[in-house]
Amino acid sequence: MTVSVIVPVRDGARYLAELLDAARAQEPDEILVIDSGSRDGSVEIARAGGARVIEIDPQDFAHGRTRNFAAEQATGDVLAFLTQDATPAPGWLAAHLAALELDPRVGVSFGPHLPRPDTSPMIARELTEFFASFAPDGEPALQGPGDEPFLSNVNACYRRACWEEIRFRDVAYSEDQAFGRDALAAGWLKVYAPGAGVLHAHDYGPVEFARRYFDEYRGLRETTGHLEPVAPRESLSYVKVQVAGDRRWLAEQGVGGIDAARWTARSVVHHGGRRVFSALGSRADRLPPAVRGAISLEGRTDGAGGDHDAVAVEAPPEPTGRVIPPKHDAHPLDATLRVLRDGPAPLLPAAPETAERDRLRIAIVIPHFREGSGGHRTICTLVRGLEARGHVCSLWLHDPAGIHQAEADSVVRAHVDEWFGPVAAPVYKGFEHWHGADVVVATGWQTVHPALLLDQVRARAYLVQDHEPEFYATSADRLFAEDTYHRGFYVIAASPWLRDLVRSRYGADGTAFELGVDHEIYGMDPGVPRRDDTIVFYGRGATPRRATELGWLALSELRRRRDVRVVAYGDSAPNWEQPFPYEFLGVVAPTELASLYRRATAGLVLSLTNYSLIPQEMMACGLPVVDLRGGCSEAMFGENGPVELANADPVAIADALERLLDDQAEWDRRSAAGLSWAAERTWDAAVDAVEQGLRESLRVRAR
Amino acid sequence: MSTGADLSTEAQLRARIAELEAELVEQAARAEAAVAAAQRRSYWPDLLQLDFEAIMRHPVLRFAVLVPLKVRGAGRRLRWYWQRARGG
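Line by line, the protein sequences give chains C and A. For what it's worth, this note's numbering labels the leading residue of the first sequence as 1, then goes sequentially. For what it's worth, this note's numbering labels the leading residue of the second sequence as 1, then goes sequentially.
Same shape as in the complex, but just chain C (with noise of 0.2 Å):
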């Protein structure tokens, strides 16, 4: 192969003569210099060092596009660049060609910058330490995509059918590191040359070396889009960790005394320099050009004017990511797009006398679950009361997050048996196995598109136990819950207020049934002793809407009065962050939770949504609870009702859960009103309810 040395000259006398005589004694077949209005001497040094001199007029020279016009010019396979200042040392050249014949797929090689006798110990470690960081064995390192794509024309060799397919940028600056990234995504690959040094250091004074790196740093932003980050806490870090490696360095030299304590100075203005005229000049563009061409060691303005004026600088290459790779045949939400797309599956046909026949097939569709689900309790409870009626129920789990994907359907039909009470219903993961319905029920906003697409149906109910869309924020999945009350299912809502919400915010037809009491668990006990000190507190963290910060604020006001025990059930894990001691139970039987509420003094409930189960469960047993004022509760249980309601406030509800804990006349009226209220409230009525709303949906369609 032959070789060209290339050598971008302007103003280079002080090194030229001795890097043009290292370069000929390696025995290239050409040496060419490009020079841009040197006024020292240049082009005669270079001349005289036997090199062929093309001169260019200074308007014309930037880095990219004077190289690709000297590599067009030269005459070898192979192109070595240097820059004036690079002085090769011995075997640089050898080593060069014996990195491209590496492979036939090696397109460039560079080499490492050696320290010159003079230069700073700042900028000599950090040399010495960077290149040695490519190849840590100090032979040569194959470099391909993915790798680090580091290329100085400082000291780089080009194997000319690379440079022809890929060439220099037509930038100010970083055409290097533009052509490393641009040759490895292209498929060649890149070769560092431990052996092929050449003696180079930019040992500027502190104040041109702050320029530099603000020149640099400007370059990289307009060839790479690299943004230096401005962060004052990490580069005082920085900056003490480089003093001290730079320290370590002096030491290892045997430099010491004054001599040691005045590098470290230069080296806290150094390293402190670089980090502050880095980050400004990746915002050069944000300056004006007076101060732009001012810090610019190379006196650029950019735009308009200047020195090296008008250049094309390229757009920043395309950012490509990682290639995430499918994990499901179909999106979460696939149902609701098929919705969208292509509507619901057409009903069937259902005559007046279906809705009166004794008995009905019904399929639920069922959200995942797991062990504590409230709403699921309530669906068996109901099929439960469906099925002792006589009617046929099924269960369908629609799961398309896989949460029981591990699981046979024998296995979740336990779960549902053990977690929510025996039902005698098969359980259904998916609708592979789907064979028709009189009614199919939705349970959740989740399962109404699915249930939307199942065919050989009448008639489609929607089981609504809450306002699901006050569950997100303004969200996607906000907006698809609202949907599902948009498309013809009838309401059968767990509470009046429910119902007439849906029906007056989106117009859907329906009824209501209220929550049933199971009282054969939930009840007094008059042989078992009652605490006065004892607040249980439902504090399920990971819903919401049961407002559980209010209930530990207001809690820790209480205890702020005075000692009181406080029992919290309902999470899977406790709270750690509260300021008191409390007895923590996590989920709990219901059995077990009877006991409770037949001992304990008050319940702390809050619900902004509708209300639950569980302040009636503790009406059951006697106990007067706390719950929030407005909204359901208030619509369910009245001002001066069985619940004792307060205000969204924490010292409200510290108040209302004092004025139970002192006054015992109201403690009394509240406690005899919660089991009045609780011993109207049974599962038969709330099943004869929704079997009336089953019956129902068939009538509507038959009308």
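Rather than coming from a laboratory, the hints here were simulated on the basis of the structure. This structure is a prediction, so every number in the text was calculated from the model and none was measured. Built from N, CA and C at the ideal position, the CB exists for glycine as well. Don't take each hint at face value.
Stated by the list, open to error - Okay, the calculated beta carbon distance ranges per label pair:
hint, chain 1, residue 1, chain 2, residue 2, range
1, A, Glu53, C, Ala135, 57 to 63 Å
2, C, Val588, A, Glu53, 37 to 43 Å
3, C, Pro352, A, Arg79, 55 to 61 Å
4, C, Ala135, A, Leu47, 54 to 60 Å
5, A, Trp80, C, Ala406, 42 to 48 Å
6, C, Asp684, A, Arg79, 42 to 48 Å
7, A, Leu47, C, Gly421, 16 to 22 Å
8, C, His486, A, Leu47, 39 to 45 Å
Please build the complex by placing chain A on the supplied structure of chain C, with the hints as guidance.
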């Protein structure tokens, strides 16, 4: 205007539909009950991920299943004969 015959036909059709729907419900009830029973029976094998078909194909393991069944069957027959012999 519907004639008496039309009304009679309609009533018959409705009755027939009602019969068929009742049959469908009965069939569904039996099917769901069978599926539920199968799910109850297969709980432990599913939980332990036992593949009985693979076990019965295995030349040695199948005997671990068959031998106890045979012994239990023989024991039941013996018990029956003994009770008959005693006049029970």
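Hint-by-hint comparison with the structure:
Evaluation of the 57 to 63 Å hint for glutamate 53 of chain A and alanine 135 of chain C yields a pass: the beta carbon distance comes to about 59 Å. Separated by about 42 Å at the C-beta atoms, valine 588 of chain C and glutamate 53 of chain A satisfy the suggested range of 37 to 43 Å. Taking 55 to 61 Å as the suggested C-beta distance range, the pair proline 352 of chain C and arginine 79 of chain A conforms, at roughly 58 Å. At about 56 Å, the beta-carbon gap between alanine 135 of chain C and leucine 47 of chain A stays in the expected band of 54 to 60 Å.
Between tryptophan 80 of chain A and alanine 406 of chain C the beta carbons are some 45 Å apart, a value that agrees with the proposed interval 42 to 48 Å. At about 46 Å, the beta-carbon gap between aspartate 684 of chain C and arginine 79 of chain A stays in the expected band of 42 to 48 Å. At roughly 20 Å, the beta carbons of leucine 47 of chain A and glycine 421 of chain C sit within the given window of 16 to 22 Å. At roughly 42 Å, the beta carbons of histidine 486 of chain C and leucine 47 of chain A sit within the given window of 39 to 45 Å.
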